[in-house]
Amino acid sequence: MTKLDDLQKKYPKYSVESWVTDYGIYDHEAKEFIGVPINSFFEAERTLLWFLTYLDEKLNKEFNNIQGSIFLDWAQQYFNEKTLNAEVSKISMMENLWSYNPLMNYLSSINFKTKLKWFCELKGYHFEPKERIIRNISGKTTEMILVQSVKSTLN
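Mapping of the sequence shown onto the numbering used here: position 22 corresponds to residue 232, and the numbering continues sequentially without gaps.
The reader is advised that the hints may include incorrect statements.
Claimed, not checked - For lysine to aspartate or glutamate, the following DMTMM-like pairs were computed, each having C-alpha atoms within a straight-line distance of at most 25 angstroms:
no.	residue 1	residue 2
1	K300	E338
2	K323	E341
3	K340	E305
4	K327	E341
5	K333	E291
6	K333	E353
7	K268	E353
8	K323	E291
9	K327	E267
10	K327	E338
11	K323	E338
12	K340	E267
13	K292	E353
14	K333	D266
15	K300	D266
16	K300	E353
Claimed, not checked - Pairwise CB distance ranges (calculated):
no.	residue 1	residue 2	range
17	L262	K292	33 to 39 angstroms
18	S318	E267	26 to 32 angstroms
19	E341	E305	20 to 26 angstroms
20	N321	K292	22 to 28 angstroms
21	I344	L262	39 to 45 angstroms
22	E353	T263	37 to 43 angstroms
23	I343	N321	16 to 22 angstroms
24	Y264	T352	39 to 45 angstroms
25	I301	L262	39 to 45 angstroms
26	I301	G334	23 to 29 angstroms
27	Y316	Q286	18 to 24 angstroms
28	S319	E291	24 to 30 angstroms
29	Q286	S318	32 to 38 angstroms
Don't read these hints as lab results, they were simulated from the structure. Glycine included, every Cβ here is placed at the ideal spot set by N, Cα and C.
Model the full structure from these sequences, guided by the hints.
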């Protein structure tokens, strides 16, 4: 398995177009760093591995910047056997986050969902819903979120 295969496995939704865009952005940085033209850059396997490692680090930084350490710490604790693979009320998730760290009270519902999607991407979880899941619980309309482990999506 190559480093490129590892990256594509780690970031399955990172499209070919995104790789091409990042290639264009990082091409300039790579040329400056190693001082060789792009044709030589891709002919040298060692340099290519450096580039892919560099790109992996950039993507990890992007994931962490979007999520933030507080959200990431909370999500890693929150998603366990009880909450994975089960529909959970979005508002109860948010309230749990707020009680975990009051600094997260500013987080909007949309930003919460965005951070949760990035967390699922990072951990290899399957985020549902693509559309909203709405349930009537005790006569009240409630939005539900389902985060599935890879193991359960295969069954």
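Hints, one by one, checked against the model:
1. K300 to E338: Answer holds: K300 to E338 is near 12 angstroms, not above 25 angstroms.
2. K323 to E341: holds, 12 angstroms
3. K340 to E305: holds, 22 angstroms
4. K327 to E341: Holds. K327 to E341 sits at ~13 angstroms (cutoff 25 angstroms).
5. K333 to E291: holds, 15 angstroms
6. K333 to E353: At roughly 23 angstroms apart (the allowed maximum being 25 angstroms), E353 and K333 satisfy the hint.
7. K268 to E353: violated, 34 angstroms
8. K323 to E291: holds, 20 angstroms
9. K327 to E267: holds, 19 angstroms
10. K327 to E338: Holds - the C-alpha atoms of E338 and K327 are around 9 angstroms apart, at most 25 angstroms.
11. K323 to E338: The hint holds at about 11 angstroms.
12. K340 to E267: Distance of about 28 angstroms is beyond 25 angstroms: violated.
13. K292 to E353: holds, 18 angstroms
14. K333 to D266: The hint holds at about 15 angstroms.
15. K300 to D266: Given pair K300, D266 is violated - Cα atoms ~31 angstroms apart, limit 25 angstroms.
16. K300 to E353: holds, 6 angstroms
17. L262 to K292: 33 to 39 angstroms: holds, 37 angstroms
18. S318 to E267: 26 to 32 angstroms: holds, 29 angstroms
19. E341 to E305: 20 to 26 angstroms: Given range 20 to 26 angstroms: holds, Cβ gap about 23 angstroms.
20. N321 to K292: 22 to 28 angstroms: holds, 25 angstroms
21. I344 to L262: 39 to 45 angstroms: Holds, at about 42 angstroms.
22. E353 to T263: 37 to 43 angstroms: holds, 40 angstroms
23. I343 to N321: 16 to 22 angstroms: holds, 19 angstroms
24. Y264 to T352: 39 to 45 angstroms: At roughly 44 angstroms between Cβ atoms, T352 and Y264 fall inside 39 to 45 angstroms, so the hint holds.
25. I301 to L262: 39 to 45 angstroms: Once the Cβ atoms are compared, 41 angstroms apart, the range 39 to 45 angstroms for L262 and I301 holds.
26. I301 to G334: 23 to 29 angstroms: holds, 26 angstroms
27. Y316 to Q286: 18 to 24 angstroms: Check passed, 21 angstroms falls within 18 to 24 angstroms.
28. S319 to E291: 24 to 30 angstroms: holds, 26 angstroms
29. Q286 to S318: 32 to 38 angstroms: violated, 22 angstroms
Hint check: violations occur at hints 7, 12, 15, 29; the rest are consistent with the structure.
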